[in-house]
Each structure stands twice: as C-alpha cells, then as structure tokens.
Amino acid sequence: MSSIKQNIEQVISQIGLAAEKCGRPVDSVQLLAVSKTKPIAAIEEAIAAGQRAFGENYVQEGVEKIQHFSDSENAAALSWHFIGPIQSNKTRPIAEHFDWVHSVDRAKIARRLSEQRPADMAPLNVLLQVNTSGEATKSGLAFAELAALADEVAAMPNLVLRGLMSIPEKADDYDSQLAAFQSLADAMQTLKTLHPQMDTLSMGMSGDLDAAVAAGSTIVRIGTAIFGARDYGEKTSQ
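Residues in the sequence shown are numbered from 1 upward in steps of one, following full-length UniProt numbering.
Please keep in mind that the hints were generated in silico from the structure rather than gathered at the bench. Cβ atoms here follow ideal geometry from the backbone N, Cα and C, with glycine treated the same way. It cannot be assumed that every hint is accurate.
Unchecked claim - Listed next, with one range per pair, are the computed distances between beta-carbon atoms:
1) Gly23 - Ala136: 34 to 42 Å
2) Lys21 - Asp120: 26 to 34 Å
3) Gln197 - Asp175: 28 to 36 Å
4) Gln10 - Ala107: 18 to 26 Å
5) Ala148 - Glu169: 23 to 31 Å
6) Gly228 - Gly50: 12 to 20 Å
7) Asp71 - Gly207: 17 to 25 Å
8) Phe143 - Lys21: 37 to 45 Å
9) Asp173 - Ser70: 40 to 48 Å
10) Gln197 - Ala41: 36 to 44 Å
11) Cys22 - Asn74: 28 to 36 Å
12) Gln182 - Ser70: 33 to 41 Å
13) Ser206 - Pro25: 20 to 28 Å
14) Gly207 - Val26: 19 to 27 Å
Unchecked claim - Here are the simulated lysine-lysine pairs, BS3-like style, with alpha carbons at most 25 Å apart:
15) Lys36 - Lys192
16) Lys108 - Lys192
17) Lys21 - Lys170
18) Lys36 - Lys5
19) Lys138 - Lys108
20) Lys170 - Lys138
21) Lys90 - Lys36
22) Lys36 - Lys138
23) Lys108 - Lys90
24) Lys21 - Lys90
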C-alpha cells in the first residue's frame, strides 16, 4: 500500500504533466488536499510530505482540525479551504476560521460571511460556485445569476472575490469534461473585465484533472487519490 507522501508525489506529478501538455507553468496549478472525514494523523502525514492547502466539507470537523494545527510549527503556512455547501446558520465558524470559501452561491451567505469575519483577520477569499450542468440536485448558481452576485460580493468589505468553482456533471470522456470546464473559464474571463482581481478557478478532481488543467484550473481538489477511500460514518451536513 502506498503512503500519503507517495500519493501526493504521484498527484503532483500528474498535475505537472497535465500543465506541460498545454504549455502552462507547472506551478500555476495548486493541489488542494481534500481531507474531509480524514483523521488528524493523515493530515499530519500530508503536512510532513510538504502539503499545505487542505479542503474541508463539514464545518465542525474542519474547525476542530484548524484549531488542532493552530499551534503547530507550520500553522502560518497552512491554508484552510471550506468547499462544501453552506447553511446560513454555519457561516460564523466558517468566517472565523477558514482562509478560503469555494462554495458561495447566494448573496445572503456572502453578507453573513462578511459581517462575521473578525476584524483582526485578513479578508476571506471567496469563490462563487456555479452549477455548470444545471443539475437540480447540485449546489451553485446559474450562469445568468453570476454577474449580479459577483458585483455584490466584490463590494463586501471583509471578502475578496477571487474566482469561481464548479463540480460539473460526471463525464467519462475528455471532450465533455473539457467543455464543462471551459464554460466556467469563459465566464471567469468575462467577469475579469469588471473584477480584475479574480485569479482563481477551482475545478477538477482525480477523474477529470487533465481536462480541468487544460481549461485553466488553478486549484484542483484531490481527496481519495491522496488519503484513500472516505469513511463518512454518520457525517451529515455539519
């Protein structure tokens, strides 16, 4: 069985090859290790292997992990990303502990995050989640709603609008994957004319990484390929 360190090295190699194929710098794509449901020991292994950015889906679990590592020697270098659906009654702990939020899709959520961000913390980096495939069961806003929400979020004092995120409908063929990601990249380019600070596209997981990088992803979210299969147990939307 391969170690977490070996898995990270393999994923980074895959990212590098994908970037080289489309003429992008290898360091233009960041690996976000999705550590949801994984124990502290697994994250410690990943940190020891050089990983610094971690993604969490469950608020309580994520906050506990952030607090655990807050006094570690690598604390200042670690970056914590909330990537799950956001309930309005869970915004405060997200605002108080995370560095990034990838899943903002409503003005109400954005306002609460801005209002609840502590004054002594840097502004919260925000990505707007877009439902690129229009699936009724999937979170995210429609392309038609994107410009208005981007304007609202960009004006909020304790947030920084950094870019977009999507979880496209699963597709096994490269061309379909690329088309879904390209639609998000095109939307980003349009928004950048009004919001030039936008520089981040969070898209791509293990099965569609190559297409995501080709379309311009700057953050790929990888979990199982690093940590192994997840044990959800009794986890719900904490």
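Whether the CB-CB distance between Ser206 and Pro25 falls inside 20 to 28 Å
Given a distance of about 22 Å, which is inside 20 to 28 Å, the answer is holds.
28 to 36 Å was suggested as the range; check whether the CB atoms of Gln197 and Asp175 agree with it.
Once the Cβ atoms are compared, 32 Å apart, the range 28 to 36 Å for Asp175 and Gln197 holds.
Measuring from beta carbon to beta carbon, are Gly207 and Val26 in 19 to 27 Å?
holds (21 Å)
Consistency of beta-carbon spacing, Asn74 to Cys22, with hint 28 to 36 Å:
32 Å Cβ-Cβ, so the 28 to 36 Å window holds.
With the threshold set at 25 Å, check whether the alpha-carbon distance from Lys21 to Lys90 stays at or below it.
violated (41 Å)
For the pair we were handed, Lys90 and Lys36, check the Cα-Cα distance against 25 Å.
Within the cut-off at roughly 17 Å; holds.
With the threshold set at 25 Å, check whether the alpha-carbon distance from Lys108 to Lys90 stays at or below it.
Status holds; Cα separation ~12 Å.
Take the C-alpha atoms of Lys138 and Lys108, compute the straight-line distance between them, and say whether it is at most 25 Å.
holds (18 Å)
Go ahead and decide if the range 12 to 20 Å is satisfied by the Cβ distance of Gly228 to Gly50.
At 19 Å between Cβs, range holds.
34 to 42 Å as the expected CB spacing between Ala136 and Gly23, which holds or is violated:
holds (37 Å)
Gln10 versus Ala107 beta-carbon gap, inside 18 to 26 Å or not:
Check failed, 40 Å falls outside 18 to 26 Å.
Given pair status - Lys192, Lys108, alpha carbons within 25 Å
Holds, at roughly 23 Å.
Of the numbered hints stated above, those contradicted by the structure are hints 2, 4, 7, 8, 15, 24, listed in ascending order.
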